[in-house]
Amino acid sequence: MTRAVTDPAGFDDRLEFTDQAMFLGLRATGQEAVMQIVWIYERPVDLDNIRRFHDGIGYGLLGRRIERSVLPFGRHRWVSALGPQTELAFDEQRDRAELGRWIDERATLPLDPEHGPAWHVGVLPMTDGSTAVSIVISHCVSDGGGALQTMVNAIHGRRLDFGYPPPGSRTRGRALREDLRATVRGLPEVGRTLVEAVRQLTRRRDELTKSGAVTAPVSGPDHQVFTPSATVCVKLDDWDRRAAELGGNGHSLVAGFVAKLAQHIGRVGPDGMVTLNIPQGDRRPGDDDTRANAVVLVNLAIDPAKVTTDLTEARAALRDGLRTAREVPDENLRLLPLTPFTPKRAVRKMADVAFGFSTELPVSCSNMGDVPPGLPDIDGAPADFVFLRGIDRVATRHALEQRCGLLTVVAGRINGTETLTFAAYAPGAENSTAWLRGELEKTLADFGLSGVIE
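Numbering of the sequence shown is given in the UniProt record's numbering, commencing with residue 1 and proceeding in unit increments.
I should point out that these hints are in silico values taken from the structure, not numbers from a laboratory.
Backbone N, C-alpha and C fix where the C-beta goes; we use that ideal spot for every residue, glycine too.
One thing to keep in mind: the hints can contain errors.
Below, in silico cross-link-like pairs of lysine-lysine (DSS-like), each with a Cα-Cα straight-line distance of 27 Å or less [claimed, not checked]:
hint, residue 1, residue 2
1, Lys235, Lys306
2, Lys306, Lys442
3, Lys442, Lys235
Across the chosen pairs, the derived CB separations fall in these ranges [stated by the list, open to error]:
hint, residue 1, residue 2, range
4, Thr309, Arg101, 37 to 47 Å
5, Phe11, Glu196, 27 to 37 Å
6, Gly281, His223, 32 to 42 Å
7, Ile453, Arg94, 18 to 28 Å
8, Asp370, Arg185, 39 to 49 Å
9, Glu92, Asp370, 29 to 39 Å
10, Ala445, Ala97, 19 to 29 Å
11, Pro221, Gly163, 45 to 55 Å
12, Leu71, Thr309, 56 to 66 Å
With the hints as extra help, turn the sequences into a complete structure.
Printed below as a string of structure tokens:
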């Protein structure tokens with residue numbers, strides 16, 4: 001059943017500034033952040049239930065696309081795109097050893113939050129009788145928390161309609177008048193933001209001049225690369241027991257594990273510390289929060305030399321960082337009302353500020369915690385393995401090396417298992433799946449843990 005969830009009297013179909021910054025960053029750089037969820041069943045799946053799941057995904061946050069303003073400095077808007085945005089893909093049977101390649105291939109298929117599709121689903125039967133299902137979603141339409149809840153809604157047949165207008169429903173003249181009026185109404189806020197920008201520039205001139213992701217010179221031919229990816233699965237009882245032995249908890253062990261891996265691949269600052277960029281869900285209760293990216297960002301400095309023997313510092317840093325992020329919002333976010341007026345060459349910088357990528361050598365660490373009940377059950381019964389990952393859909397060697405590589409992880413507690421899916425690239429390293437698996441095996445051993453690496 002489809003249910004309307006917006007209040008017509010207070011309806012606003014414009015993108016939040018944070019969401020517009022991400023979209024403009026995509027258009028300016030071609031680098032698109034996507035999330036991928038993979039379910040693995042050690043048996044054939046119930047295809048009727050998979051089809052019902054696919055039919056029900058395109059509602060709520062995933063039942064929309066972006067329509068640009070006719071003004072170069074206008075606010076973009078959401079338009080309706082209810083239901084499937086592309087066909088459910090059934091791929092040819094492959095050997096189980098080809099699963100990783102198939103997952104990467106699904107992640108690189110075209111997505112477009114403006115023209116569609118903003119998400120797609122594929123099914124892979126394998127020669128050993130197992131089956132994999134993958135969904136890939138543009139981060140421009142939803143964050144991880146919103147996407148997971150949308151999956152659960154689809155599994156339970158719950159369909160939300162935010163009431164967005166159809167694409168192209170406004171004539172150019174009407175769109176011009178409405179967007180111009182909205183821009184004029186927003187000028188006082190823009191004026192206040194300009195004053196804030198001048199204040200910050202005056203107070204933090206040196207810091208702002210130097211801020212931004214570290215860039216490195218590159219040479220040689222440029223080409224698209226598949227960022228190595230692998231998933232670690234550890235029994236929850238073992239994970240939580242080891243965390244307690246080290247004076248931490250499950251969340252601080254995630255932070256410590258990621259920091260140790262970062263040290264192994266050389267992603268540390270001059271002081272030997274690892275900077276974790278941790279998004280924390282900020283979505284309001286209920287169904288009426290239409291923000292694509294509803295998070296607060298926590299930046300933590302973790303000492304990787306200590307985490308294998310003592311997690312108390314990491315646990316305290318995580319607790320204090322979360323409290324500070326909620327009580328003292330990042331003042332850079334006050335500049336976001338300038339997003340529609342930002343020159344194209346500065347758009348990436350604005351997106352970096354909005355999503356916390358302006359620190360040196362950041363490590364993106366998304367910990368989803370306990371995933372919503374029902375998420376593993378897309379064919380009516382729980383999958384044997386479920387993992388989540390976040391990647392850049394199109395990555396080139398030059399882009400990765402200018403950023404001095406990357407390390408991202410998405411962690412979750414699913415079906416009695418702590419899963420951590422990593423994507424990593426280190427300039428000068430082998431940068432193969434075997435290389436990453438070796439570094440993960442080393443990190444598991446550092447913590448005295450055993451687990452499965454997929």
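### Query
Any hints this thing doesn't respect? Which numbers, in order?
none
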